[in-house]
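Number of protein chains: 2
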Amino acid sequence: MKLKSPYLVKPHAAVRLSRLPTTETGDFETEESAAAVLVKHRSQLNTLQEVFYASEQKALLIVLEGMDTAGKDGTIRHIFSGVNPQGCDVTAFKVPTPLEARHDFLWRAHNAVPPRGMIGIFNRSHYEDVLSPRVHKVISGKVARKRLDNINGFEDMLSDNGVVILKFFLHISHGEQTNRLKARIDTPDKHWKLSEADFHERRFWSSYENAYDDILSATSRKHAPWFVIPSDHKWYRNVAISQIIVDAMQGLKLKYPAPTLDASGIKL
Amino acid sequence: MKLKSPYLVKPHAAVRLSRLPTTETGDFETEESAAAVLVKHRSQLNTLQEVFYASEQKALLIVLEGMDTAGKDGTIRHIFSGVNPQGCDVTAFKVPTPLEARHDFLWRAHNAVPPRGMIGIFNRSHYEDVLSPRVHKVISGKVARKRLDNINGFEDMLSDNGVVILKFFLHISHGEQTNRLKARIDTPDKHWKLSEADFHERRFWSSYENAYDDILSATSRKHAPWFVIPSDHKWYRNVAISQIIVDAMQGLKLKYPAPTLDASGIKL
Chain A
1 MKLKSPYLVK PHAAVRLSRL PTTETGDFET EESAAAVLVK HRSQLNTLQE VFYASEQKAL
61 LIVLEGMDTA GKDGTIRHIF SGVNPQGCDV TAFKVPTPLE ARHDFLWRAH NAVPPRGMIG
121 IFNRSHYEDV LSPRVHKVIS GKVARKRLDN INGFEDMLSD NGVVILKFFL HISHGEQTNR
181 LKARIDTPDK HWKLSEADFH ERRFWSSYEN AYDDILSATS RKHAPWFVIP SDHKWYRNVA
241 ISQIIVDAMQ GLKLKYPAPT LDASGIKL
Chain B
1 MKLKSPYLVK PHAAVRLSRL PTTETGDFET EESAAAVLVK HRSQLNTLQE VFYASEQKAL
61 LIVLEGMDTA GKDGTIRHIF SGVNPQGCDV TAFKVPTPLE ARHDFLWRAH NAVPPRGMIG
121 IFNRSHYEDV LSPRVHKVIS GKVARKRLDN INGFEDMLSD NGVVILKFFL HISHGEQTNR
181 LKARIDTPDK HWKLSEADFH ERRFWSSYEN AYDDILSATS RKHAPWFVIP SDHKWYRNVA
241 ISQIIVDAMQ GLKLKYPAPT LDASGIKL
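Going down the list, the protein sequences come from chains A and B.
By the count of UniProt numbering, the first sequence reaches residue 268 at its end, each step adding exactly one.
By the count of UniProt numbering, the second sequence reaches residue 268 at its end, each step adding exactly one.
Worth flagging that the hints you see were computed from the coordinates, not collected in a lab.
No experiment lies behind these values; they were computed from the predicted model shown.
Ideal Cβ placement from N, Cα and C applies to all residues, glycine included.
Fair warning: there could be bad hints in the mix.
To be verified - Just some of the chain A residues that point at chain B, by a computed CB distance under 8 Å:
1. 99
2. 104
3. 107
4. 111
5. 116
6. 117
7. 157
8. 161
9. 163
To be verified - With beta-carbon atoms standing in for the labels, derived distance ranges:
10. A:265 x B:86: 57 to 63 Å
11. A:101 x B:124: 26 to 32 Å
12. A:27 x B:98: 40 to 46 Å
13. A:187 x B:142: 53 to 59 Å
Unchecked claim - Here are the simulated DSS-like cross-link-like pairs (lysine-lysine), alpha carbons at most 25 Å apart as the crow flies:
14. A:146 x B:58
15. A:222 x B:142
16. A:142 x B:222
Isolated chain A (complex conformation):
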C-alpha cells in the first residue's frame, strides 16, 4: 500500500505539532467544492466496503485521535454515514472499566481490532494510555517510551496479519478549541457534550501537544502511518481524511471471491 499525502508523517520524522498547519484547505477554496467531493468519496466508500466485506482478505483499522473538540465524532458521522453498518464497527475508548484496568493497556484495543472483512474505527484508542497518564505524570517518560515500543510491536503484528492501519490526528488550534467550546456553551442542544474534564484538560494543552509530538514521532510506520490533518475547517478535515481512506482501499485492489457455484446453470 503506497500512500501519498502531504499530511503523512514519515517514519522516524520528528514531529512538532506547533509547526504544522491547522487552517489549511488544500486544493479547495470553498466548502461547497469540498462537499461535492465528499459526496463522491462516500459513494466510493460504500462500493469499496462491499467488496472489502465480501472478500475477507483484509481488515481496516482507522484510528482517530485529537484534542477535545477536534472533531472525531463528526468525522465518523460525515464520512461513514453511507457505509453499511454491518461491515463497520466503531469503538469509543473512554475511561477504562474496572476489568479493563486489571489488564495490560493493549488488551481492550486488541479485543476491538476488526476481523478480516470489517472496518473498525477507534474513536480515541490505545494511544490514550501514552497520553493522559503521561500528561498527568501517572507514568514516567521511560514507561511511556516502553509503551510506544509495545504499540509499534502490536501494530506491526497486526499489519503482518492482514490489518490495514490508518491513523489520523485531527489537528486544531487552541483558538479553534476556544471557539468550539463557546459554541457548545451557546447551544443548549450541545450541552450534553460539555464536561468538566474538557475545561480542566484544556489547561494542559501544551503538555498534550508534547505527548502527541512523542506519539507521532515514535509510531508512524510504513504499515501504520499517522496523518496530521488540518482540522480547524471541519469540511476540509472530512474530505482530507476520506480521500486518504478511499485511496488506501482502492490500493488494495480487492475482488469479490470466486463463486462457489455456477449461477448460469440454476433454474428457479
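Since the structure of chain A is provided, determine the placement of chain B on it from the hints.
Same frame as chain A, now just chain B:
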C-alpha cells in the same frame, strides 16, 4: 522473580528435545513420596491463590504445551483441583473458530489473558500457531520466525503490565505416547479422548519435535520462561510443575490489601 529449576530453558539457549530427559524423577524414588509433596503444594497453592486474588497486583499465566497425550489435562486436574475456581480460568485452544480465523493469531490468546488477581491456564496456547501450521507447511519458516518475534513482543508487553508468565513443555517419549494411546484403546471410558487426528499427527512426531525445538529456543525469556518437564511419569510431572508454580507465587511476596476500615471499631 528468580526461578531455579533444572528444567528451566535459559534465554537464547539452543534446545534439542531429543537430548532432554523424559523419564527422570528428580529427588523422588517413589510415587508415594511425590504424592505427599503434591498434597502439600496443593494446599500451598490454595493459600497463595487467595492472597493473589485479593491483592490484584499480578496476573499469573500458565502455558501448557506438549505432544498429544503428554498430560496437559491431567496436569490441570491434579495441580489445580484445590484452587478456588473463581480465581482461576482455563482456556483450551482448539481449532480456531471462523471468527478467530479472521483475526491475527494472537487475538484469541490476548483476549484470554487473565486480569490482575486471576490465574489463567492455557491448555495449548498461542504457540499452536507456530506448530501445526509449521509442521504441515501452511506457513513458511520466515513467517514462523516472524510469529515467534511477535510472541516475544507480546509476552514482553504482558510482563511489563503485571502478568507473570510460566510456560511448561510436558516432555514425553514417543514410546510413552504409544503406551498411552494403547491404554486409551483398551479402556472404553477413555475412547472419547481418542481422535483420528492424534493418530494422524503422530506420524509427524519428529517434525513437531523440530517445531518445538524452535519455539523453546526462541521464546524462553527471563520474564516468560519455558520449563521442559520430564513427563513420562505423570506423578513426577505433577510435582515438578507444582513446585515451580508454588516457588513463583511465593516469590511474589504478595500481601492482602490494607483494610479500608478499622474492623476493631465495629460493633454488631
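Each hint tested on the structure:
1. 99: holds (6 Å)
2. 104: OK, holds: residue 104 (chain A) within 8 Å of chain B, min 3 Å.
3. 107: holds (6 Å)
4. 111: Holds. Min distance 5 Å.
5. 116: Holds. Min distance 4 Å.
6. 117: Hint holds; residue 117 (chain A) Cβ to chain B Cβ min 6 Å, cut 8 Å.
7. 157: holds (4 Å)
8. 161: holds (3 Å)
9. 163: holds (7 Å)
10. A:265 x B:86: 57 to 63 Å: holds (58 Å)
11. A:101 x B:124: 26 to 32 Å: holds (29 Å)
12. A:27 x B:98: 40 to 46 Å: About 44 Å separates the Cβ atoms of residue 27 (chain A) and residue 98 (chain B), which means 40 to 46 Å holds.
13. A:187 x B:142: 53 to 59 Å: holds (57 Å)
14. A:146 x B:58: Measuring from Cα to Cα gives roughly 19 Å; hence the hint holds.
15. A:222 x B:142: At roughly 20 Å apart (the allowed maximum being 25 Å), residue 142 (chain B) and residue 222 (chain A) satisfy the hint.
16. A:142 x B:222: holds (20 Å)
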